[in-house]
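For this one, chain A is given, so just place chains B and C on it according to the hints.
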Amino acid sequence: MRDFLSDVWYVAGWSDEVARERPLARTIANTPVVMFRDNRGELAALRDRCPHRFSPLSKGRIANGVIECGYHGLQFDRQGACVANPHGPISKALAVESFTMAERDGLLWLWLGDSAKARMESIPDMSAVQQEPSNSHFRGHLSVRAHHLLLVDNILDLSHADYLHKAALGSGGTMTRTRPRIEEGEDFILAEWFAAKEDKGVAIMRAELADPNALIDMWTSVRWHTSGAVLLKVGITPTGEPRDQGIVTHVIHAMTPQTPGSSHYFYRVWRNYQSDNAEYSRMMEGAVRFAFEGEDKDMIEAQQINMGDGDFMSMKPALLAIDSASMRARRLFDRALAAEDMARMEVARSGPMSA
Amino acid sequence: MRDFLSDVWYVAGWSDEVARERPLARTIANTPVVMFRDNRGELAALRDRCPHRFSPLSKGRIANGVIECGYHGLQFDRQGACVANPHGPISKALAVESFTMAERDGLLWLWLGDSAKARMESIPDMSAVQQEPSNSHFRGHLSVRAHHLLLVDNILDLSHADYLHKAALGSGGTMTRTRPRIEEGEDFILAEWFAAKEDKGVAIMRAELADPNALIDMWTSVRWHTSGAVLLKVGITPTGEPRDQGIVTHVIHAMTPQTPGSSHYFYRVWRNYQSDNAEYSRMMEGAVRFAFEGEDKDMIEAQQINMGDGDFMSMKPALLAIDSASMRARRLFDRALAAEDMARMEVARSGPMSA
Amino acid sequence: MRDFLSDVWYVAGWSDEVARERPLARTIANTPVVMFRDNRGELAALRDRCPHRFSPLSKGRIANGVIECGYHGLQFDRQGACVANPHGPISKALAVESFTMAERDGLLWLWLGDSAKARMESIPDMSAVQQEPSNSHFRGHLSVRAHHLLLVDNILDLSHADYLHKAALGSGGTMTRTRPRIEEGEDFILAEWFAAKEDKGVAIMRAELADPNALIDMWTSVRWHTSGAVLLKVGITPTGEPRDQGIVTHVIHAMTPQTPGSSHYFYRVWRNYQSDNAEYSRMMEGAVRFAFEGEDKDMIEAQQINMGDGDFMSMKPALLAIDSASMRARRLFDRALAAEDMARMEVARSGPMSA
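Residue numbers (our numbering), protein chains in the order written: chain A, 13 to 367; chain B, 13 to 367; chain C, 13 to 367.
Since the list gives no way to pick one copy over another, a pair counts as held whenever it fits inside one copy or between any two copies.
Taking lysine-lysine and the DSSO-like style, the derived pairs with C-alpha atoms no more than 27 Å apart in a straight line are:
hint : residue 1 : residue 2
1    : 71        : 212
2    : 178       : 212
3    : 71        : 328
4    : 309       : 245
I should point out that these hints are in silico values taken from the structure, not numbers from a laboratory.
The shape of chain A in the complex, shown without the other chains (with noise of 0.2 Å):
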């Protein structure tokens, strides 16, 4: 069964990981790709497979803004032409399957799919991280070997910090208590949890409030896209104190698929407090790293090994309240999974293309 979308916006990266000198390798939804700039600094994605010999591209070298394999030397421009062969004419098959990218957000953005659908306006909007003076952010990038949706359910169930993440990052039973408000667009799922007059709350930032031992009003929302791209954002006041008055943690995760055994995973933090604070920031750096590279790779690995080659759902897991939101963004996924099959379908049965 096919696993990954191809009509979504994956994120591939961070923008600075493309530089002018270099190209960057990363295998994404099991393609592995090649992305590069040219001479004007745009970005371009060609299938990382020269048609030659089928090496990699990213192996080579930018010469003037394109790439250069570096088996035989054969060059190709950001939409795969060839445009240099040194040992004879550039026949037609000398040509890389190129992909749709756009940068937005600090994100590369990639469509792996028909390029006509790729619409800008579908990019995840990721502009909060414009929001804060980036010496409060941080970023992480690992692979999990584990299915991508593993990971999704990981973020769309924040209780786990109760429990995986006791210490640092757990609410002390909050996210525990509270059910989310659901919303549901035709690409994301938004879930919203608000909790009142708590004595408890996520212990990391509690400590930064004027009177740490305040009842408190804690907000949590997460914007998961289909794609696997997600924009959490936790927020605690003073219970009663207007929202945009409170101290605001962010996150951009993204769970990008990899190949069918592993996905990427991506992660930005910023916040709205201490944001000069040196020392607070190394604190903060550590304790997400350990829970996110530490903790939660370690549980949702050995979950995978558990379950084997196993799909989640036909193993009938016992699900929980808790799973409410990771259970619509599931049917979601599947919707679209099968709304693709389906189009392929009608564009192999009516279409020239089926020849």
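Below, chains B and C alone, put in the same frame as chain A:
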């Protein structure tokens, strides 16, 4: 083909490996199992997989004698019943499969099959372990990447020590020359070798006699059970002297199936001579570890690599006289496997469980 | 699909790798082989698998010119006949498959197929190895995780050196510009390139001419045999001078199939210039090792990863003029494979061996 028995008492480890503070995870016969103790110290064994999201319970903690999942805090008792769900009501689906356990002779015994058939009397008798002062004991546990019956073949044909463990454990050809008397029980094979008036014998033991150059009598017995548990004894006396005045080395071996491609190998060694000689103990432990964890493991894994996925008997080995005990064991094992399969089919045909 | 020929002389290693004291284990064309010498120094090659318990004979020892299994002491001679069984009579079943071997030009030649077809005259001619003083020679052996024909493609298209090995071994485009004359034999392809009045040429060699800036003539020849054995020569002279006064570098390459996913790569390099210059030798050896064991291995393994299990030709590569020799080689290889298959079918149909 199924390669593992269900209705046997498997050695799953050593009693003291399961403390009250921490669970023990181990895969036995392809089943991930978590073992822990309740508040009274009673052993429990559950399938190591939370019914909610299939994460391993062994990554959690013991709280008041029940095990708590480290992902979302569900708690399960010895019987696998859910006793706490912080996220809502306890539904029937929130249950974990539990297995029967026993503790005897310092070993953890695990019954993966039908608990109604698990009789304490059928636990293999390893009470010999209590005979000698514990300061002469040492033990080990390793995982061997080979089918469990290759390890059984190895133990039921001790002539291999004359070649593979020549220096310390070899008998100078005594085992090679001697044929065993074989007794067969419902679930065991007992093989006994006796050699009289030998001028060789297990090197490491002969050196301990009053006159190391005297002729000796040597007897060896290996009792193998279908679960893979083995009790081995080697004794020597100056020729003609009564056995109960001889020096004896005991070994428990347990070749417990782990996965289709690997087997546990537990061993415990003790003796009735030089019990208080720490230096001798160190020497003997060194020699045994080298033989078991170096030479045996290396040879058996190389054998398995050479066999690939092939079934040993189907590959038509050129069997020798020294293989008589292990061939009896393989036939007994196959009959036990066939009997289990037959019993299951009967249940399926006649019973209401077939629905 | 079968991917390995049987009736060819494979390079299995270097003569001096098999000493009288120790056997040499190597997997050739998916067959585990143990090589050793008898008391007269004659080479033997047996299937590296004892018929008793399938353990590798190579884990044993050489005793009086026969090989003794390290597990139970069975001994086998050069023909694979059992000559000692410490455990009883020698039955017919106690025999190991033996293979035909030859030793020539410092190489071990192994014939895995029908020994009746193994003619010494068909051993690829590598006598050029005897022409130069041995102090200019160096050699290497590595295992490459790629199909053996990808390594063949690499050697039969030397234009790759202009890009992949640009710094030291590249010819500054000379190989890229020159087309070969191709000669085809029953079991070999000989490709010869000639370039006159070049102002470039293999960098590392040009520097050795009396006038490194003079125009040169350069000739290159690659003789590839279906077994994967290759003799390569590159010579240069100042333009117009006779070839036999030129400086020449020789290389034996042997791309011997190992397993379906990996290939041996043996190489030996020597030259007729700077033979006694130890510093030059070190420099050249460093450059060659970096090119072969670093750049070639890395590129070819990446190519294989990109191809997965796919067959190269079925994946429809966009072939170039530089691929003419390797395409001839692939066709010759396919014909040889088909001829072997056909011969087997005939035997099966007509002969008594079909029973």
